[in-house]
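J.: Next come the chains, spelled out residue by residue.
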Amino acid sequence: MRKVSSASKTADKVFRVATGLCASSPVLFLVAIGIVVFIESVPSIKFMGWHFLTGTQWNLGDMYGNLEVKNGVSAPAGATYGALPYIVGTLASSVIALLIAVPVAIFTAIILAYRVRGPVKTVLSILVELLAGIPSVVFGLWGVIVLAPWVAQFFGPLLTHLGVVIPFFRGPVGTGMGLLSSGLILALMIVPIITATTRDLLEQVPILYREGGIGLGMTNWEVVRKICLPYVKDGLIGAVALGWGRAMGETMAVLMVSGSAINYLPHSIFSPISTMAAVIADQLDSALTDATHLAVHALAELALVLMLLTLITNFLARWLVHRGGQRVRSGVRA
Amino acid sequence: MGQSITVENLQAWYGEQLTLREISMDVDANQVTAIIGPSGCGKSTFIRCLNRLHETIPQGKVRGRVRLGTEDLYAMDPVDVRRVVGMVFQKPNPFPTMSIYENVAIGLKLGGIRNKSELLDRVEQSLRMAALWDEVKDRLHKPAVALSGGQQQRLCIARALAVEPEVLLMDEPASALDPVSTLRVEELVLQLKERYTILIVTHNMQQAARIADKTAFFLNGELIEYGDTTTMFTKPADKRTEDYITGRFG
Chain A
1 MRKVSSASKT ADKVFRVATG LCASSPVLFL VAIGIVVFIE SVPSIKFMGW
51 HFLTGTQWNL GDMYGNLEVK NGVSAPAGAT YGALPYIVGT LASSVIALLI
101 AVPVAIFTAI ILAYRVRGPV KTVLSILVEL LAGIPSVVFG LWGVIVLAPW
151 VAQFFGPLLT HLGVVIPFFR GPVGTGMGLL SSGLILALMI VPIITATTRD
201 LLEQVPILYR EGGIGLGMTN WEVVRKICLP YVKDGLIGAV ALGWGRAMGE
251 TMAVLMVSGS AINYLPHSIF SPISTMAAVI ADQLDSALTD ATHLAVHALA
301 ELALVLMLLT LITNFLARWL VHRGGQRVRS GVRA
Chain B
1 MGQSITVENL QAWYGEQLTL REISMDVDAN QVTAIIGPSG CGKSTFIRCL
51 NRLHETIPQG KVRGRVRLGT EDLYAMDPVD VRRVVGMVFQ KPNPFPTMSI
101 YENVAIGLKL GGIRNKSELL DRVEQSLRMA ALWDEVKDRL HKPAVALSGG
151 QQQRLCIARA LAVEPEVLLM DEPASALDPV STLRVEELVL QLKERYTILI
201 VTHNMQQAAR IADKTAFFLN GELIEYGDTT TMFTKPADKR TEDYITGRFG
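Listed in order, the protein sequences are those of chains A and B. Going by this note's numbering, the first sequence opens with residue 1, and the numbers climb by one from there. Going by this note's numbering, the second sequence opens with residue 1, and the numbers climb by one from there.
Since the hints were made in silico from the structure, they are not lab data. Treat the hints with caution; some may be incorrect.
Just some of the chain B residues that point at chain A, by a computed CB distance under 7 Å [to be verified]:
{"id": "1", "residue": "Thr56"}
{"id": "2", "residue": "Arg82"}
{"id": "3", "residue": "Arg83"}
{"id": "4", "residue": "Lys91"}
Each residue gets a CB set at the ideal place from its N, CA and C atoms; glycine is no exception.
Kindly generate the complete structure, drawing on both the sequences and the hints.
T.: Below is the structure:
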């Protein structure tokens, strides 16, 4: 009997091991990072308990004074770590970003997928993807130089007229650095990812169903609204969740335009804020000077909360998809 | 009631490729007209010009005149055209995210009917016309895609009928169906011609012989022969028609 040479059998083994390693690496990294972040946060979790999530004061304490011991953890006197303003800042800025970015992205995607053809489509697609490629710090710089002054002088004062109805829009507008500018810049940064994903989804809607709608006398917009968008709903929610995760985790640009508020809960759309990601980057230097290292542990806990929040929003999105999908979509897809 | 269709010098292109050459034919109201011919002969393109669907695809281009009754189809708004010229496609394509009820009701809702009981009446009426009502009346709100292929196709017929068109275009409506479902669709076509003008593209010559009053034979984008079905299948005037229907090619 003829046999396949042992060399190619060895190669197959190498191939299997290599693909196995590569395939399992995302899981390994995720678990490793999760474990490290969790272990690093343990002292802070012990020290603050649930007050970490509800406290509004973030104070590293007197680093040159005596240490005090609380819940078995030693810390500089007066140290307290309350992350609520950052959790609120993260959620508020990312939700504003989604409110702006999702409609813009969906309409852009509809146009890219159905309304333009040939070179126009290629150029527009490339532009959208280029937008995704701009480094975060460049967005931040643009935010400081252009966006914040524009918000302060023009857009902000315009919005304050809405303040009569919605208290959250009341002024003063201030420097323009704050919640609104953070939301706007985040919106710009997540539009490309949501647009590109939605465009790909819309392009996958079988022509059969779209022609079914057209043949029934639907207008282009009705076809999109009644047939295409419902068809891609699952993926669309996934795309939005992806964008949301990005917006919550985005650091540099937000840090530059947020106004870096510490110990301050936003009371209007113009209030300066900080997000969890921005605080971690912003505060790490000072935290490293804490001899007890508790400040670093507190930042690690902030990172843990951020990771959990991203996970929760992702699961929430998935759950929404699952719940909505079961009602109608139990049959096969053509 | 159905409307007659008059086609004059109709030409259609896919990009540079001319797929319909100078087609002229009169389609009688309330009759079944079959379009036969080998694959790629332009028969699908032809009926897709009659509800202005051909022009919606990239590089699809049409020239010539089509009249519905006395109205110029290409001077009308395409959306209005498709309301009076309904279409059933080759593969059943019920809207996958909608229930059986919604699939039929959607056209009515877009037409401005809001009243719930009126909607239900019209949906029932359309499903009865499509001979589907008895099979689905207990599960109207179940997903349309859970139906069998034959049922899905009859649902698509009901969907097209619900908006009360005058003409019904059918693009090989039975080609994806089993023989029993095919027979049901054919019976349906014969019943529907009382109220609609029906054009049916078919690959199946027996089918054309069974249901069509008139038959048109297309070859390479040209209308070779058009006339009474019985005459065409017994005494074809053109040699190419004879070759095709006797199975020499196609």
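J.: Could you run down the list of hints and mark each one as holding or not?
T.: Okay, the hints, checked on the actual structure:
no. : hint  : result
1   : Thr56 : holds (6 Å)
2   : Arg82 : holds (4 Å)
3   : Arg83 : holds (4 Å)
4   : Lys91 : holds (6 Å)
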